[in-house]
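Peer 1: If you're matching them up, the sequences are chains A and B in order.
Counting in my numbering, the first sequence runs from 1 upward without gaps.
Counting in my numbering, the second sequence runs from 1 upward without gaps.
Honestly, the hints are just simulated from the structure, not real lab data.
Check before you lean on any hint, since a few could be wrong.
Computed from the model, here is a short list of chain B residues facing chain A with C-beta under 10 Å [to be verified]: (1) Gly8; (2) Leu17; (3) Ile64; (4) Lys73.
Remember, it's a predicted structure, so these values are computed and weren't measured experimentally.
Glycine included, each C-beta is placed from N, C-alpha and C at the ideal position.
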Amino acid sequence: MHPYNLTFLYLLLPVSVVVCLLLPPRMRAYAVVALSAFCYASLEGERILLIAAVILANYLAARLLVRCEGAPRLRALAAAVSAGADLALFVLYGVLEQLYGLHVPLGLGVVCLTGAGYLADCYYGYVAAERSLVSFALAVGFFPRLYAGPLVYYGRLAPQLHRMRVSLDRVGRGGRVFVQGLAKKVILGDGIYQIYARLHEVHYYNAAILHVWMMVICLSLATFFLLSGFCDMARGLGMLFGIDLPENFRDPFRSISINDFFSRFNITVNRFMRKYVYTAFGTPQGGTLSGIFNILLLSILIGLWYGIRLNMVVWGLYFSALVLCEKFLLRRIAETVPPVLRWIGCTIAVQVSFVLFAGNTLKQSVDYLRVMFGLSGADFLSNEVLYLLNSNYLLLLVAIFCASGMGRILAGFCRRVSPRLWELVSMLLTLLLLAVTTAFML
Amino acid sequence: MKMRSYSGLAFLAALFLVPALLLQGGGGGALLQAVSAQDQPFQQLESALKERLPGAEFLRRFQISLKYAGGSKQQNGVFISEDMLMLDVQLKSQAIINANITKMLDFVDQFQRNSYVMLIPTACAVQQSKVPYDTVAPLYNQKQQLLDDVYRRVSGYLTPIDVYPTLRNHQEEYIYYRTDNTTTGLGGYYIYAVAAQKLGLKPRGLHEFSVEHLDYNYYGDLYARSPYREIPPDRISAYSMSKYWRYYTVTHYENDGSSRRYYTLYPQFREALGGDVKQVILGGVSPIVTIDVGNAAESTRQLLIFGDRSMQSYLPFLLIHYPKVTFVDTTSVSPSLLEQVDVSRYNQILFAYMADSFIGSDQLSILSWLPQKQEPA
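Start from the sequences, fold in the hints, and give me the full structure.
Peer 2: Have a look at this one:
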């Protein structure tokens, strides 16, 4: 049962929220873990055993680290083997998916990476090993987080898990965030993805220049709305059940530099990688070469998070090159360039990167690039593009408005001008959006 | 209580309102039944909830209207123009067309009858100006890519009957149903006028037929398929030769061996018995329909038609020229029933399909079940 199913929204969710409101705080974790297990099992069946085994293994490994306090070598070995097993499982499934089309259980990446990070934190003493298996299972396997994150390290969640605060105030805020996420996924993400899918059906040698540009822009918008929609749903549900999860997307298409983009797009994944890879390898204290190496490694790993395939490695290399350019070549020039021009440059660079998502192979991506930049002799415009623009103008306008962050700016302004009126308007808008989204779920 | 708490209460109330209304409306039983199903209970529960959700029909219409207002004038494979629905016909596989052509050629080779092929273009090919964003809509070119191609490839074996130019000349008239993917009675007349000439007959003028309007409130298959509802209904008309009285015996044969017979082309009690009004025209469409015409035929020629339901539009006109016509619906006829058709008894064979039927599926493989050994005509 997905969080974007009517069954979840109108049957399971209201009952679960009321149960959580009525239960004493220390019992709430049990209820949410049971809800997560129920939803997961309804989707993945017996694969829940794999996720449960990973969670249990990480929990026991952390307890083992506590027991081995006096034996540093054994402790290091236990931490390395356990965290390595998490990463190996994640990579193995990714590779098998690419090679043999193996189904990867939902959220395996989130569970494995959170588990590996937790073990690293326990080993270095940043967090204490969790005593309660239920609290740990909730931190790692909170169901709505398994789709697309946010990828939170354990230390951030741990303080909340033993006293999950649930109130009508939080229900109001959580409901609003959840409905926004649901609308992003159901109306904008799915709608824009359909346009992308239709454009993607056309072979590149039949595609016009604007066709490929539109395809890439639609893919970037769909990716943004789907991922941020799932993350907002997770954040909203977290608030409803007493867990605060961080924001994962903050208007990424307003970025004026590549570094800025990475601080706005899939924020928690980037922070996670930065914490466990970039910092762990010694930068920013290290030298220039070490810095370059770490930027390369970090970018490639962030790319591989989206899928273990060659295109994603190249995606990482592409962004590494851009980050290094910004860092070493363009830093001084950038200061003199007006923000609008920097925004245009950054937006083009980001959109071009989505060619690597669109292409099934590297060659296909290169072919798309050749069309985009007029190197293949393709026409500039095609009827297909005009037809799709006509047929979807409202959806595209709404998507661009929402992706631009204007909605957030407008909401912030209204909140400052009249907070109480804004609360009322916001409540009514949430209910209206819920009705509209329900209509799109039918 | 803070304003934000009211927001929480309102959100919870909205969530609880739906199951409360559902239970009040008696939908609880259906949900329980769905969730207790052996096979995929959660999917069934979701489907049941979609069906039973309070205000579901209103919300669906709202969604469709919103999409339509947002420019989406093609939904579920159907173009939504100002006053009519049109099927968006797209080529699925050239192999299907090739297979259908090959089967026709094999048939001619095997039975050596005078054979004709008539592909009827759909509304979006004839009334292109009504297609939303017609100048840029990615339409399949039925005229060039299908009709001309098929007619060219069968030339010399079958006589092509190209009704496209005539239909195109009359595109402003009511020749296609607004809510059904086929031609109206009037469209059927124009098809007949072209076909009759190719079949060696002298077509009669439209004024020689009387018309009776059976229904003004008909909604066809496109209406059922498209979620859009703001389309006016269709008028169903029955055309009859008014000059000379004829006796018709229409016999329908079903695959289970049963049959039924009418002594009129328009058995109106069929509608009264619960069928839709199109069941009145020739008594509907069955795997095999034979029509014997008494007191009329100019010739002794007999016609065998392999086709689809589009025959309901043009066959009432063609009948005045033949003492006997047999129609075989190749989409539904069973091999055992087809074995009873003796091709040698017919002078003319007509393959007649709507363009979407012909490119959409293998229509003619079933012909391999026709009896191989035929008596001389």
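Peer 1: So, for every hint listed, does it hold in this structure?
Peer 2: Here is how each hint holds up against the structure:
{"no.": "1", "hint": "Gly8", "result": "holds (3 Å)"}
{"no.": "2", "hint": "Leu17", "result": "holds (9 Å)"}
{"no.": "3", "hint": "Ile64", "result": "holds (9 Å)"}
{"no.": "4", "hint": "Lys73", "result": "holds (6 Å)"}
No hint from the list above goes unmet by this structure.
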